[in-house]
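As a plain string of letters, each chain reads:
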Amino acid sequence: MASKKTYWRSFEELENPELTKQLAADEFGEDLPVEDFLANKQAMEGVHTSRRDFLKLLGFSTAAVTLAACEAPVVKSIPYVVKPDDVTPGVPTYYASTYYDGLDYSNILIKTREGRPIRIKPNKGAKYFGTTNTRVQASLLSLYDSEKLKGPLQGHDKNFGTISWNDLDQKVTSKLNAVGDKKVVLLTSSIASPSTKKLIDEFKTKYPTTQHIVFDALNHSAALDAAQEFYGQRALPFYDLTNSELVVSFGADFLGDYNGGGMESSYAVARKPGPNMLRHIQLESNMSMTGSNADTRFPMKTSQVLKTLGEVYKGLTSGTSDKIASAIVDEIKSKGNKAVVFADGSKEAYQVCYAINSLIGSNAVSKTKVNLLKEGNDKDFDQLLSDAKAGNIGALFMYNVNPVYNHPKSKDFVLALTSIDFKVAMSERMDETAKYSDLVATVPHSMESWNDYNPVTGVYSLQQPVIQRIFHSRQFQDSLLSWMGGSAEIEAEPAGTGGDTELVIPKTTYQQSITAYYNYLKNNWEKNILPQMGYGFNQALYNGYNETNETVDLSGSGDVSAAVDKLSNSKGGEWELQLYSSVGIGDGTQANNPWLQEFPDPITRTSWDNFITLNPLDAPKFDIRTSENANVKNGRMQFNGDYVNLTANNQTIEKVPVFIQPGQAVGTIGMAIGYGRTRSGKVGDGVGLNAYPLISDGSLFVSDVKIERSHQGEKHEFASMQMQNTLMGRYEIARQATNDQFMNEPAEEWNKPSVMPTWRGKSPEKEVDIWRSFDRSVGPHFNMSIDMNACTGCGACVVACQVENNIPVVGKKEMRMSRDMYWLRIDRYYSDVTNNVRTQKVALEGKVALPEHLQNDETALAAAQPMTEGDQYKLLIKPATENPEVIFMPMLCQHCNHAPCETVCPVAATSHGRQGQNMMAYNRCVGTRYCANNCPYKVRRFNWFNYALNDKFDYHMNDDLGRMVLNPDVVVRTRGVMEKCSFCIQDTQAAILKAKKEGRRVADEEFQDSVACASACPTGAITFGDINDHESEVKKLSEDKRVYRSLEEVGTKPNVFYHVKIKNKKEQA
Amino acid sequence: MKFLNLALFLAIFSFSYSQDPTDKPEPAGEEQAQASGEEINGDAAHGYDLFQQNCIACHKIDGDMVGPALRDVVARVKEEGGVGRQWLHDWIKDNNALRASGDKYANEVFERYNKIPMLTFPNFSDQDIDDILSYTNDPEGGEQAFNDAKKKKAEESAVAAAPADSGSSTTGIVIFAYVVLALLLLFTLFRLSALKRLLSGKTDVPAEDKPGFSLAQFIHKYNKAFNVLLGALSLLALYGLWIFMFGIGVDKGYQPEQPIYFSHQVHAGVQGIDCQYCHSSAKYGKVSGIPSPNTCMNCHKMIKEYKGDYYEEDLVKNGKFASGDDVKEFYTGEIQKMYAAIGWDPDQAEYTGEQKPIEWVRIHNMPDFVYFSHEQHVVAGENAILKAIKNKTIPNSKELNLPENSQVCFACHGDVSKMDEVKMANDFTMGWCVECHRTTEVDMTNEYNSQYYADLHEKLKKEYGDHTKITVDAIGGLECAKCHY
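Line by line, the protein sequences are chains A and B. First residue of the first sequence: 1, per the numbering used here; consecutive thereafter. First residue of the second sequence: 10001, per the numbering used here; consecutive thereafter.
In short, the hints are calculated from the structure, not lab data. A hint or two may mislead.
Said to hold, decoys possible - Residues on chain A that point at chain B, a partial pick, calculated with CB under 7 angstroms:
#1 75
#2 82
#3 84
#4 921
#5 991
#6 994
#7 1000
Claimed, not checked - Below, a list of computed lysine-lysine pairs in the PhoX-like style, where the Cα atoms sit at most 25 angstroms apart:
#8 10337/B <-> 76/A
#9 566/A <-> 323/A
#10 76/A <-> 10423/B
Backbone N, C-alpha and C fix where the C-beta goes; we use that ideal spot for every residue, glycine too.
Use the sequences and the hints to build the structure in full.
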């Protein structure tokens, strides 16, 4: 393929050509310091263990272990007294439900075993939001967090003691009745639930001074205000990219949390290579996940992005002189209504974005539906602060909000809290805000609660509890009902429901109170929602996702000239900061979830950290030398970072680590929010730094920040994935081509089959083999197809794999030692064409590599030394660091038919199955690790510790509650064994068994859905199936001209194949 | 010397481990004594039998249950409704028709007993009904007559089942031989050590002066023999160790005491209940499932006491109980334990709401790294396994000695219908699993197998010859990750 391209994984590797050699030499860890030790006489004499002692201990321990093994323990087995109808031991039950925590919304299926949820799958029956992202996948572990509150609490001066629900209710109601003229404030995150909203309205009727204020940590207030002004309604537009051919994003992370998320599936559909392939242009300052998927990416300061947006509007209406803007305008004009524009950054940006879309009549913007997920309003919150100051608030109820942590005016809010004398927190845990409250009405996890949602016009979904209440908690709505003294809406539960009435245990008041909202909700549905659908509540609950014919009219248009002027005049500072919500942690709500903390960021590949990102060209300005940053000592190449102090918005954050990020716009820095929690729990506390205080005016863009180098001499230790080991020059591992090549050139040109020199001359790799070929003709034979073009790098598959296969969390220290346990990782490769004309010219003239601002300085040039070879190399790659291309490549065990790992195992613990799986028998493995050494894909992970039951790995797997998340069909591996992807053999075998029982072939969909990564992928990039089934999807995909196999030249004959990534742009890739 | 003791110990230990206690001969469980019918009054004994089979689910002799008490029912209907034998015949045969015909008394009875319609018994002959009615007139007499007839029958068949009981006597002989051998060895050891002590007492005397016995010389003299003996002993010790190590984790014969003395022989054997009636999860999932007490209540709501003929004679023989009746009473007591667990008051016939789970002792414990699926074997593989039982190709088939019409479960669990308390009937080692997978033929009538493996037989024939069969290993039944993940 394109030989002019260079692929690399990190800037350091590219900058220092020696590094690869060094890494290759050190690839297999440190040598034992045997010789040093033996040569050191003192050390030798200092040792008192004699050979005899050693043998004695050895003998004793062997005997002790043998004896201990003789005694078989007595195991008790306790059946249900009365077996529930929907629980059969060993058989999973699925429930359709919904996940919404104020940030992420998904229609999901919850897999439960023996009454406990163990997996979240996307509800593929849902037309919208039927996908899951990383955080929704991982939310399962948040359910089993033992640090959550166990019941209601009352507090005094931040000391909390228990209280009964009855006493709490009494205190609250007596306060509510005595509040008089003062305001009762309900401060919540976005609700999006029709029944809850109705309930809140009833609450307002009962207590007329009530005000409901909505605040979201990841603020959409500006977008909503803009919509109010432009469309005349305070709701986000609803986008569907399926039929779009051009998307221009002005700093909008629309594959992430922009506009409530959920756009990746329609994006992937539209990105199908061919004449109608969606073209993606991104203008941004940070290298975001969305930007890394773009065909053309302009790294620029956010102020510049906003300016360009203004110019594009001008270009579309009158005319513009801006080069980039006019180029974009041309593209938009040529696509007409098949183009769409997204913008982020300020209210004006949103207004202009809405205006452009309305101007071109973009078909991606729904004219009849709006997105109802976000409701936050900054003005209301500001009013709360001033009301509190004035002493107008009698009682404050906070549900699912944590402003003390995540509001930029956190300090003002703390002051406000101290001036309100009755505060009730409805929270899952004793978080930063709850500790200021007087009463904590503990709420359960969403998987323990009833609720309904209306995420988009005409879409109604239900959320149902799938596990018995773990703690003595009560959901927000039940509490409201209790404090209202019930609702007339609730019909009394008819006596004697359920089958065997004699066996029903009498309910306590508590149990009655936690079913109140269910009755309320059911009643509301039966009266107001179900009549539009024409079926009953049970059917709606079974579906989880329901649609009606409701529509809205989104045709309004406002005047945006003022906004355009404001954008055109946006001023940036010398240094601009763009905050972002990371793919794993998001807004920080689930900070105590170790799966999310350990999840490596798609771009930086770091885990357990936040930091500022800085372009390599900017680094010298702070005397940060990138070449020193790579910690290559142990061959693992884990980065070290320098520290700076960051000042913005009159707040200074000290000791912020700096991460050198290619593609970061020059003059800008990026930083993730959601870190630096102090009261989230043992996992999330103290990880990273809190960036929320830097937010000004509700925008994540901070136009002027100050950076100062600090803590000289100290180094921050980053822990990242994929940096270990080397590519050994195999840079063609991830292939890409342009859409033009794909359509017009023969596949051999851009997807060259690898050839092998033989005595007959060069033969295609397929035909050369030193092994007897593997016979796969009978029975099913599994193959997996991975479309790198559809993969956005979101990592939902990574967490899904972790959940399904009981993969442990290892923590930052172990991550830094490259002992991560992921069976599936998404490798990120940077690439660019290195023959940039300008730099080549400078290099050939033999001048030294000078910083850009000095290149025209004659004195500096004259004083400069002639270039060494290394300097030239550095200079040649310079443009790439400004704006490299990114490829995401999901990497998992390739299940090679001729697996190198199988032949080297001394105990035959890994072997090949007839169905194409490379099998790993853990109990047979003795841990020689030969297989890992011999694996060209580096997908075998060695289990160094007993992660379960080990208090050193305090990530929920060491306590009884946390272990409830484990999949009972997959063994928890012990230390000292090698583990790796099994193609989810537990689920493929289950699918086969089902077919066997019913005496039929396995349907293609059954296999497709049985591997965790494929079923979790929101863009359909991963397809799994039986290659011997000629009707199967994977068989069809295997015949595509984009197909290639990773490292085919090694001759491993993998059962996983990839599809070349296609970039939709003109120039040669 | 320690070595010798160890070897001996190991030898005995391993022997006792590998020996299987042979099943005791079963008392002939012939039921249903045939009684010849009398013409006029009816045979109360046969009536008792019919009553036990058809009526006790809803009726008792004394006291109402679902339906009324039946003692002296003939007299009672006469008194209450002024009806007689013919009415009772009509009612029992088809009470619905009787009520439909507008019979006043019939509808009255129906109303009185909560409008629960009685089952119809159109297949009862008039004689049968007379038998039942005469039993209700004299319940005690009927039961007595029935039992007498049965006892007689049992005595007759017991004569035929007299022989056997040889298994345990051979065990006895072998153990006796071992004991003798051990005593002999101990005696030799004692003698040798006495000699040695004697020798060491005279160490001050120079050896060459002493014409007496010297162990060193003795050993020197028979050097070769001693070396051979030592070699043999160490080999024996190694063999013992080998056997011992292979026995670790193998609990064949494990028969723990359970919290409730639940007799599988009574339920699966005498009553002939299908294993999967109670262990219903076996056909849906990987575990067979221990039935929860509400499953027991399907029958035991009615069956409050043990009234069967069978009882475990061993319990009387070994002196635990004085008589068969005591054993039966003990069985009845165990039913009450189950009632206590689910919170059922048998006297008031209602649930109390006080529940207490039963902690059974698990007999078959698979290690975590083994995935064994019951549904795979009892549903998908049922035909194949039943065939293997029939053809006696299952491992250990001689010892298991399964009957022709075995349930599929018996292939691994042994003939549970003959066990009172269940015990582990097989090794449950991987070798044992693999052995069965190597010999059991795949059921090619299953559409899954016939579609996916249509060409397999031809292939195997080419490779291994015409007589090759498709056994489980040929379709991947020996692949590691099929059971280990």
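To see whether the hints hold, each was checked on the structure:
1. 75: At 4 angstroms from the nearest chain B Cβ, residue 75/A passes the 7 angstroms test, so the hint holds.
2. 82: holds, 5 angstroms
3. 84: Cβ of residue 84/A sits 9 angstroms from chain B, so the hint is violated.
4. 921: It holds, given that the least Cβ distance between residue 921/A and chain B is near 4 angstroms, below 7 angstroms.
5. 991: violated, 11 angstroms
6. 994: Violated: closest Cβ of chain B sits about 9 angstroms from residue 994/A, beyond 7 angstroms.
7. 1000: Cβ of residue 1000/A sits 5 angstroms from chain B, so the hint holds.
8. 10337/B <-> 76/A: Status holds; Cα separation ~18 angstroms.
9. 566/A <-> 323/A: It holds: about 20 angstroms lies between the C-alpha atoms, which stays within 25 angstroms.
10. 76/A <-> 10423/B: holds, 15 angstroms
Checked against the numbered hints above, the structure breaks hints 3, 5, 6 and satisfies the rest.
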